[in-house]
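Per numbering that gives the first Met the number 0, residue 0 is the first one in the sequence shown, and the count goes up by one each step.
Simulated from the structure, these hints should not be mistaken for laboratory data.
The C-beta atom is built at its ideal place from N, Cα and C for all residues, glycine as well.
Hints should not be assumed to be uniformly reliable.
[As the list claims (entries may be wrong)] Each computed DSS-like pair below joins lysine-lysine, with the alpha-carbon atoms no more than 25 Å apart:
#, residue 1, residue 2
1, K123, K161
2, K82, K48
3, K82, K45
4, K210, K48
5, K82, K60
6, K45, K210
7, K79, K45
8, K161, K210
9, K48, K79
10, K79, K60
11, K123, K60
12, K210, K82
[Unchecked claim] The calculated label-pair distances, taken between Cβ atoms and stated as ranges, are:
#, residue 1, residue 2, range
13, G244, A265, 37 to 45 Å
14, S197, Q227, 24 to 32 Å
15, P56, M154, 38 to 46 Å
16, P263, G106, 44 to 52 Å
17, S197, A224, 37 to 45 Å
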Amino acid sequence: MLGCVRIATVRQMAQVITAEESDGRSYVRRAMVELTELGLAETNGKDGKHRIWNLTPAGQKALADGNELPPRPKAGTGAKAVKAGLGPHGLAVTDTILAYTDAVLRGRREYLTDWQVEVNHAIKQTGLSFNTDAVLAVPTKTSEVRFFELDNGTMSQARLAKGVWDYERYAGHRVWEGARGTIGGTYPFWQRHRYTRSKTFPRLHVVLAGKAEHLLDNRRQALTAAVQGITIAVWVNTLPRLQRGEPWYEIGVDDPHERRARYPEAVGR
0 MLGCVRIATV RQMAQVITAE ESDGRSYVRR AMVELTELGL AETNGKDGKH
50 RIWNLTPAGQ KALADGNELP PRPKAGTGAK AVKAGLGPHG LAVTDTILAY
100 TDAVLRGRRE YLTDWQVEVN HAIKQTGLSF NTDAVLAVPT KTSEVRFFEL
150 DNGTMSQARL AKGVWDYERY AGHRVWEGAR GTIGGTYPFW QRHRYTRSKT
200 FPRLHVVLAG KAEHLLDNRR QALTAAVQGI TIAVWVNTLP RLQRGEPWYE
250 IGVDDPHERR ARYPEAVGR
């Protein structure tokens, strides 16, 4: 689990490995002590009274050597984020992953290995670069991909909206391909170079947390107004609603034709 989500508390880990209605926190605490003694795990901070755990580089290597996860050579351990004070945000991302796995994926824990966190999306030519908090790639025939952005109540409304519009800018960028002397053609950058098996641009899920529910509802309504007319699929929910299995709000619809008209064509060679 720590190899996928990078940081977690004992409560979160116990939620994954113990049966429903069981409390496995004591077992997890003993296991983490053993992993610490082996140099495979460590704690670098707390969220309130709860220690935040992450793998060490040796722990990640052991996981990779055991072929437990797909190779992720650039993945960090999460220790730097905790030391920088970003532990609460990372734990909220972990809660989002667990809630989505329970509520939408029907508790199928094998899907936990299909999550990655802090996934960079960048287009060198335009200078656009942002990190997606979590990406789910379910290994189906269509290779279903979903993006997740977690706002823990720390961003301004304007910054949150800009982050969502960045996804449309990423989706709208096209690249020209073709051998010299041929007509060639243009293709969506994301589909040609990143998510080659996806037929549509991955849906963006925005999860709001960190405040009282009525304040989260206010943020949802403000975000809905701020992204009106966006040409990618955007769904929004609060973390408490997601944990209760309540439906998402659709605030953006995928429209590749309008998106293509909105962004300039790539220039051929």
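Results of checking the hints against the structure:
no. : hint                     : in the structure
1   : K123 to K161             : 19 Å, holds
2   : K82 to K48               : 16 Å, holds
3   : K82 to K45               : 10 Å, holds
4   : K210 to K48              : 19 Å, holds
5   : K82 to K60               : 21 Å, holds
6   : K45 to K210              : 19 Å, holds
7   : K79 to K45               : 13 Å, holds
8   : K161 to K210             : 20 Å, holds
9   : K48 to K79               : 20 Å, holds
10  : K79 to K60               : 18 Å, holds
11  : K123 to K60              : 30 Å, violated
12  : K210 to K82              : 23 Å, holds
13  : G244 to A265: 37 to 45 Å : 43 Å, holds
14  : S197 to Q227: 24 to 32 Å : 25 Å, holds
15  : P56 to M154: 38 to 46 Å  : 31 Å, violated
16  : P263 to G106: 44 to 52 Å : 45 Å, holds
17  : S197 to A224: 37 to 45 Å : 29 Å, violated
Hint check: violations occur at hints 11, 15, 17; the rest are consistent with the structure.
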